[in-house]
Structures are given as structure tokens and as C-alpha cells.
Amino acid sequence: MTMDWTMWLEWFLKGLVMCLILLGGFAYLTLYERRALARIQTRVGPNRAGPQGILQPIADAVKLIFKEELTPASVYKTVFILAPVITVVPSLVIAAVIPLGGTFMLGGREIALSVADLNVGVLYLTAIASVAVYGIVLAGWSSNNKYAMLGGVRSAAQMISYEISLGLCFVLAVILSALGNPEGGSMNLREIVDAQRGMWFAVYQPLGAVIFFFVTLAEVNRAPFDMPEAEQELTAGYHAEYSGMKFALFFMAEYQKMIVVSLIGITLFFGGYRELWFMTDWFGGALSVDKHWFLGPVYLFIKTFIFLFFMIWVRATWPRIRYDRLMALGWKIFLPLCLALVFITAVGILLVDFTGSRVWIWGVPVLSILCGAAVSAFIYRDLRRKSHGRI
Amino acid sequence: MNSELIVFLVLSLVAIATALGMLFSRNAVYAALFLALNFVAVAIFYLLLGAPFVAMAQITVYAGAIMVLFLFVIMLLGVKDLEPTRALPWQKPLAIALSVILAAEATYVLLAKARTTMMVASPDASLNTMESLRNLSVMLFSDYLFPFEVTSILLLVAMIGAIVLSHRNKKETK
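Residue numbers (the working numbering), protein chains in the order written: chain Y, 6 to 396; chain H, 874 to 1047.
Simulated from the structure, these hints should not be mistaken for laboratory data.
Bear in mind the structure is a predicted one, so any value in this text is a computation, not a measurement.
Incorrect hints may appear among the rest.
[Stated by the list, open to error] Cβ-to-Cβ under 10 Å is the rule here; a few derived chain Y residues that face chain H: (1) Thr35; (2) Ser135; (3) Gly145; (4) Trp146; (5) Met192.
By construction, the Cβ of each residue, glycine as well, lies at the ideal position given by its N, Cα and C atoms.
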């Protein structure tokens, strides 16, 4: 194995670019969110700093840097300072396996548009997602404040609970990548993207994609699962004692996680960096990623933009869900539903394999949607019967 | 000195230091954190050995699931710094005797076996493919299906046991 310096340079540059994309994405996602929220609520939103408020993130950053930073007297200082860092790092490194585009040639070497092309990419995602809980637990504990600690425990319990359904959603994509592939499925994200050349997995498994969306909302502590934002009723959450730049780091981690889960969702269910599945042959393939590698990041950006809009839309329109109902939703609705979906999908793939006919795969979306409809009817009936009860 | 050796040496130092830190921490939370770091260091060892699947499983299961629950329990119980407790009288001699036996065994294996067998060749990139991962899963669900299922039933029993125990306590307090 030759480790020449160009290889190191390539790795370094790719990592740097990925970090810069996420940091820049974080800054402008805040602006995007504020503007979009304002539009939905018939306001204008920040539009003073620069044209269309384009310099607002810089103004925000300057404000946060110069804010007074308080460290309460009785905190566990080392962990208190480390906790925001531990929260931010997973949100950055998890993006390493996500392919941003195809490959291109530069100076005689093939460069792939992803930091790491792991064969166990999907497992890497679960590993980093499960480590992300530490920052929140530690922030709550080290603050030495019972409200912060309860908030930390609350958020961590929520993340751990929804992680199971998240893992099962990953499994859905891995199983679906075995469709029409005689070698079987793949955990490599690039191969999963390539497996969606003919059809997005979101079409085969629409309910899986929808559940993935809601589970990731809970996983990144976003509305309507944003317990840490509940200041009046729960005294905020794990970051109650944080101020200034340390608080900004938690904020940053949340927004970077939003971007990253959008990227993951797009990679697993919406064709990743590839064009729409029916667009491959348009204009003699001129719009295809196979022909022009630089279209990959462009398509990915457009898809992420739309995905993020859905997250903002949810925040603008739905009230926060009560904590016991949040847990019930995770354990009693999403988890069994995900298990059923995994079963249905696996059976669908096996039927296609045995009969050799692609028609059977359409049983998967039909059965999945039926499952979803049954569950919705159940929730609706239950909420009607006892309006303040548990789900 | 190639880069892999440097990584190995640094990692070994980290692994040993975190293990010692875990042993000597007076605060249970710090001990748990050191242990979690140790798990991550071991996971990177697996990566160095060309076993990314085991590495990811190690992080997900140990650092991600088990240690987080440990931390949870420690924090909820609110453990203060440990008092220096008196050890049981027979504990010290037994520990010394056992560790001497372990050290002797390790030395013997190192001296006797390491010379006769070749150094274990590190698996090259050809092993680290999707194919090997598929083979692993196929083996797990064919040749080793019985142990696999027995293990899962064991875990299920442990889970049900925990639920039953906590339920009984609830009834008693009522």
C-alpha cells in the first residue's frame, strides 16, 4: 500500500471541505429557517443585514462570540467545557461516509466525492449516532442543576428510544438495495445510491421514508419533539446553564445534525446525489450524473434544500408533543411499525427472487401503506376516546 | 517506522491510560467516561486490524448503548465521590496471586508460541470488502444459527427478567 503525500493531501482537503460545508450550511440554515418561518407566519424575517439578510449569520456569530460567558460556580468544570465539544464532533464526523457525488479524474487519479467510502457505511452511521448522546447526557449532569440534569436525561432517553426505529429504517434501505442484485444488499452508501438508479427506495417503501423523517426529527431534538426548547413548562433542557459560545456550540450541533440527517435520508431513500430516476434518459442523458459528475452535488443540494424545508414547515405548523406521548409514539407506534415494515420489505424481496418477476415488489408499498393507515386509524380512535390519555 | 505503527503506539497508550483512569477514578461518572473512551480506542484497534464491522459493532453496542445506560443509572442514582473503602481481608492476596498467574501465563504464551508460529499477518484490503461482510452474515444465519438464536433468547430472558423485577418492586411500594 503506497501512502504518498497526494493521498494525505486528498484526505485532508476532503475532510476540510466537508467541515466547511457543514459549518457554512449551519450558518445559512439559521437564516433559511428564520426567513421561511417568517413567511409561514406572514412576517418578513431578518432582512436588514445585507441584501435579503444575507449577512445575518455573520452578525449573529459576532454577537455570540462577544456575549458574556458564565460558568456557574458548582459545575464539574472539565466535563462542563467538554460537553459542547462532544456534542459538535459527532455531528461533523458522521457526514464522512455520505457520498456527495460520483467520481471525477484529476491529474491522473480518480477522486470520489466522499470523505470515506466505507463498506460498513450504514453501521458507521448507527455507531456515530449512538455516541452523539454522550454530549447531551454530560451537559445535563455537569451543570449540577437538577433542571438541566432532568433535561439531559429526558433528551437522552428520547434519542435512545428513537435510535431503535432509526436503525430499523436503515435496515429497510439495506434490504431494498438487494433488489435485483444477485450478490445481495449492501451497507456501502455509494452502492445504496447506485441501487436507486432505476427507482428511489422512497417509492418502494414510502412509509419507511416518512417514519425515517419523523424519527430523525426526534433524534436531533427538533420540533415537534424539541423538549429542550420548552422553557416555560420544563425549564429548557440540558443547556439551561450554558451561555455565550458554549451555548452556540449546542445550537450549531443541532443545525448540523439537521443537515446531516437530511443528507442521510436523501442518500438512503431519495436517490442520494443521483437525478430523479426517470430523468436519466432525458436529452440523451445530458442531465444524468453518469455523464456530468458535477451535477451530483447540485442535485444533492436541491434535495437537501427541500428536505430542510419540510423540517422547518413541521416546526412552524405543529405544536410540541407531550413527553409521555413522545415516548409512547416511539415505543408503541414507530417501533412495531418499523418491525412490520422490515418484515414486509424482506418478504417482498424474497418473492421477487423466487418468482423472478419484478411485479411482486409493488406489494411492499401497498402493504406498507395499509399498515400505516391501520395505525393512523388506531391512533385517531384512541385519541378520540380519551382526549387526555396516552396513545 | 510506518504510520500504522505510530497509530498503534499512540492508541495503546490511550487504551492503557483510559483503563487506568477508569480504575483510579473516585467519581463513578468519570470512571464510566474513561471506560467509554477505552471502548473507542479498542474499536480503532479493530479498524487497524482491518475489521471495520467489529469496530462499528463495538462502538454501537458498548460505547453507544451499554455505557450510555450505565451513565444514565449512575446519574439518576446521584453517586457522590466514592469514599476510600476498606477492602475485604482476603481480597488483596487473592488478587496478587491471580495476577501473578495471569502474567506468567501471558509471558509463557508470548515466549513459547510467538517464536514458533509466524507473526499474524495483518489482513489486507482484499478481506475488507462487502463480500466478506456478506459471508459473515450468511455464516451467522446458517452454520451458527443455533448459537445465534440461543444468544438472542438469553438476551430476551434478561430483558423480561428486568421488566418483571422492576414491576414487582412497583407493586410492593403501592
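Outcome of the hint check:
no.	hint	in the structure
1	Thr35	29 Å, violated
2	Ser135	3 Å, holds
3	Gly145	8 Å, holds
4	Trp146	5 Å, holds
5	Met192	7 Å, holds
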